[in-house]
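Turn these sequences into a full structure, and let the hints steer you where they fit.
First to last, the sequence lines map onto chains A and B. The numbers in the first sequence follow the working numbering, run straight up by one, and end at 272. The numbers in the second sequence follow the working numbering, run straight up by one, and end at 1328.
To be clear, the hints were calculated from the coordinates, so they are not data collected in a lab. Please note: incorrect hints may appear among the correct ones.
Stated by the list, open to error - A short, non-exhaustive set of chain A residues, derived as facing chain B with CB atoms under 10 Å:
{"no.": "1", "residue": "LYS181"}
{"no.": "2", "residue": "ARG183"}
{"no.": "3", "residue": "THR258"}
Stated by the list, open to error - With a straight-line cut-off of 27 Å between C-alpha atoms, the simulated DSS-like cross-links for lysine-lysine are:
{"no.": "4", "chain 1": "A", "residue 1": "LYS110", "chain 2": "B", "residue 2": "LYS1312"}
{"no.": "5", "chain 1": "A", "residue 1": "LYS250", "chain 2": "A", "residue 2": "LYS223"}
{"no.": "6", "chain 1": "B", "residue 1": "LYS1168", "chain 2": "B", "residue 2": "LYS1134"}
{"no.": "7", "chain 1": "B", "residue 1": "LYS1168", "chain 2": "B", "residue 2": "LYS1047"}
{"no.": "8", "chain 1": "B", "residue 1": "LYS1312", "chain 2": "A", "residue 2": "LYS72"}
{"no.": "9", "chain 1": "B", "residue 1": "LYS1055", "chain 2": "B", "residue 2": "LYS1245"}
Only a predicted model underlies this, so the values are computations on that prediction, with no experimental measurement involved. Every residue gets a Cβ at the ideal spot worked out from N, C-alpha and C, and that includes glycine.
What follows is each chain in one-letter form.
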Amino acid sequence: MTNSKILKKHSVIKQISSLKSGFKIILSFWLISSVNLANSQPLVDPLDSPSWNLVHKLILSNETVVFDDRVKVIVPDMAEDPMNVPVSVTVDGIGEIEEIRLFADLNPIKEILNFHPGKIEPFIAFRFKVQNSTPVRAAARTKDGVWHVGGSWLDATGGGCTAPSLGRALDNWVDTLGDVKSRLWSRADRPDRLRFRIMHPMDTGLAPGIPEFYIETLELKDKHGELLAHIESYQPVSENPFFSVDLESKLFQGIVLTGRDNNGNLINQVLQ
Amino acid sequence: MNISNNLSSFRQIHTYYIRRLFKTSLLVLALSSFNVQLINASELDYKLVAEPVGKGTYVFIGSTKYFSKQNGGNIANAAYIVTNRGVIVIDTGSSYQYGKQMRAYIESTTGLSIIKVFNTHHHPDHFLGNQAFKDVPIASLQGIVNAIDSQGEALNGNLYTLVGDWMKETEAYSPTEVVTPGKVTIGGHEIEIIALDGHTDSDMAIYDHTTGVLFAGDLIFHDRTPAVASANIQNWLNSISQLQKLDYKYLIAGHGPVTTDQHAMLQTHDYLSWLHDTLENALDEGLDISEALQLELPERFSALDILHEEYKRGVLQLYPSMEQAFFN
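In structure tokens:
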């Protein structure tokens, strides 16, 4: 054999063997994916998030999920002030909702808040903190255990003319810690609106030298102590959180807000 | 033995070619990035052309859009008055590049030097060109100087994010001279400094009694939605009422085309009072901010550029502080 022939033969063998292994890989992928297809519908994230699989696992424990645009998450296109991004969640026409989990796929702390509407409407609005552009989602669990997931992308890259809010925390924040202000609007044609604000720094623990310090639980009760709804909140909820919820106030005798932060400070206030 | 030798020589040749290929591609990469830089540098041209306002006054009309990489931050109006002693500049644009190009244009078209610069307020689209005028007295009200001192660099940083390359080498450069309200004569022009507020905590309007031109700064927007990021709307409305009393021949708004009548003043006043009332009502009805953001905007404001975008920005800025006041 001449040298050139040997070289040719060598490279041909190499090519064939790489083709073979390529086929094997493709074949095995095809087999795996066809097994998956047989078990469940393929789930295509409408927001095309790189972290969907991760949040599905971390926040919804890989439980059954459907993407459902009856779960409406409203955020502005652009987070003008990343410390205060308004979000509202409305669930309409899916039946009774046991729990709504709000989360942001790409936030350093992904959980925002879990809302158990109980005896009030499956609606909640408040503001939260965001680090960068991310999908913001709500997953609403119906009685059959299925999570109905809705959401939208939030762009957070710049602040424009808006001067950054500096020195937000007042020097006397300790004096007002846990103070609650609230107001109820009776409305004729739709459920009544309750808005309440709680004074709290809601520190994430991600700012250097400031440990995490945030409200963990909030309960709305009637005056006999019966639970109407409850909330598990996480670090990304904005400082001095301001909540809006909807309810039929005439069904309840008085409304009391109780709660606790991660340092054990208690919140207890009659709202009505 | 023979075969393995051949194989190893093949590997050597192979490696040699890969190395050469790698070097060539590096060279190509380096050349192409050099080209990209050259193209960018030549594109950082605002293509400024001033339009005359009456006799001896000129204005560079900026885009009525928001800051973008396409417009390079050129969204505000900057103006100048040609006097017998030299040129008075009113606002310097959004970047060092803008300031330099504006100055070159003025000096080459008038053949005169610049004797004075004024800043109408501390927003970045109006003062970040100051750097190009370091050898000229830059004058403003004390409140504006303080605001540029304290917020200038943060606002400059924001613009780097929003418009990118256009900002290169730009730094916040504060005014060097504090002026007080009242009349001064510069180059034969009787210039009145008017101290107002509302668009920001300190806004300066300039009225040239000699030509009848009113430089309103951002107290007046024309066919462009007023920006309320640092606004106190009640004070702003009062300031507009003050300006309406002036007997001007020409009005140069901070954003939008030049006018000779009250139209731009009424338009700005109408939008601001509507915005104020609408947000007060929303709060009174118990609306959350996310609901206030979705309110319908009246048809009569359709002439205002970037209406929905600026309305939302306004709600995000104003509503939280209105809520705090409402709940205290």
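Results of checking the hints against the structure:
1. LYS181: This hint holds: LYS181/A lies near chain B, its Cβ roughly 4 Å from the closest one there, short of 10 Å.
2. ARG183: holds (7 Å)
3. THR258: The hint is violated - THR258/A has no Cβ within 10 Å of chain B, the shortest such distance being about 20 Å.
4. LYS110/A <-> LYS1312/B: Holds. LYS110/A to LYS1312/B sits at ~26 Å (cutoff 27 Å).
5. LYS250/A <-> LYS223/A: holds (13 Å)
6. LYS1168/B <-> LYS1134/B: Given that 27 Å is the threshold and the Cα spacing comes to 17 Å, the pair holds.
7. LYS1168/B <-> LYS1047/B: OK: LYS1168/B and LYS1047/B at ~17 Å, within 27 Å.
8. LYS1312/B <-> LYS72/A: Cα-Cα ~19 Å, so holds.
9. LYS1055/B <-> LYS1245/B: With Cα atoms ~23 Å apart, LYS1055/B and LYS1245/B stay inside 27 Å; holds.
In summary, the structure is inconsistent with hint 3 from the numbered list given earlier, while agreeing with all the others.
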